[in-house]
Amino acid sequence: MTITYLFAGLAIRDRDASAAWYSRLFDTEPMLPNDDEAMWQLVGTGSLYVVVDHERAGAGTVTLIVDDLDATLEELRARGFDLVEPIVIPGAGRKSLVSDPDGNQVWFVGLN
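Read in order, the letters of the sequence shown correspond to residues 1 to 112 in the working numbering.
Think of the hints as simulated: they come from the structure by calculation, not from any bench.
None of these values were measured; they are calculated from a predicted model.
Keep in mind that a hint or two might mislead.
Heads up, simulated EDC-like pairs for lysine to aspartate or glutamate below, C-alpha to C-alpha not over 16 Å straight-line [unchecked claim]: (1) Lys95 / Asp68; (2) Lys95 / Asp82; (3) Lys95 / Glu74.
Using C-beta positions, here's what the derived DEER-type ranges look like [claimed, not checked]: (4) Ala92 / Asn34: 14 to 24 Å; (5) Pro90 / Asp14: 18 to 28 Å; (6) Ser99 / Thr28: 19 to 29 Å; (7) Ala78 / Glu29: 35 to 45 Å; (8) Arg77 / Gly103: 17 to 27 Å; (9) Ala92 / Thr45: 38 to 48 Å; (10) Leu111 / Glu75: 33 to 43 Å; (11) Gly80 / Trp107: 15 to 25 Å; (12) Leu32 / Gly91: 35 to 45 Å; (13) Pro33 / Pro90: 39 to 49 Å; (14) Ser99 / Gln41: 20 to 30 Å.
Glycine included, C-beta positions come from ideal geometry on N, C-alpha and C.
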């Protein structure tokens, strides 16, 4: 099997509120394919989308690997995000968490 693109999704309650929050998180505007979804292409072959699904909203997790965790956290805090202090991932690096308005977890990870 060869995977050529990752399209990951999180369930949310309000597309416009979530689109605004994630746009601030990613510092870029989303594509809005319809009234229930918003999407951000984060890397060449990887996108994150949010979709209105009231029953599953807030139960998701996504992990984003970044090249410099400390710089990423500093940048996000400057944009007003409240992130947990980084925790050690034994033998791998460190990670920090921010939760979206619905409670979905967005982890930022810096590898050793």
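Hints, one by one, checked against the model:
no.: 1; hint: Lys95 / Asp68; result: holds (11 Å)
no.: 2; hint: Lys95 / Asp82; result: holds (14 Å)
no.: 3; hint: Lys95 / Glu74; result: holds (13 Å)
no.: 4; hint: Ala92 / Asn34: 14 to 24 Å; result: violated (38 Å)
no.: 5; hint: Pro90 / Asp14: 18 to 28 Å; result: violated (38 Å)
no.: 6; hint: Ser99 / Thr28: 19 to 29 Å; result: holds (20 Å)
no.: 7; hint: Ala78 / Glu29: 35 to 45 Å; result: violated (19 Å)
no.: 8; hint: Arg77 / Gly103: 17 to 27 Å; result: holds (20 Å)
no.: 9; hint: Ala92 / Thr45: 38 to 48 Å; result: violated (23 Å)
no.: 10; hint: Leu111 / Glu75: 33 to 43 Å; result: violated (18 Å)
no.: 11; hint: Gly80 / Trp107: 15 to 25 Å; result: holds (19 Å)
no.: 12; hint: Leu32 / Gly91: 35 to 45 Å; result: holds (41 Å)
no.: 13; hint: Pro33 / Pro90: 39 to 49 Å; result: holds (40 Å)
no.: 14; hint: Ser99 / Gln41: 20 to 30 Å; result: holds (23 Å)
In summary, the structure is inconsistent with hints 4, 5, 7, 9, 10 from the numbered list given earlier, while agreeing with the others.
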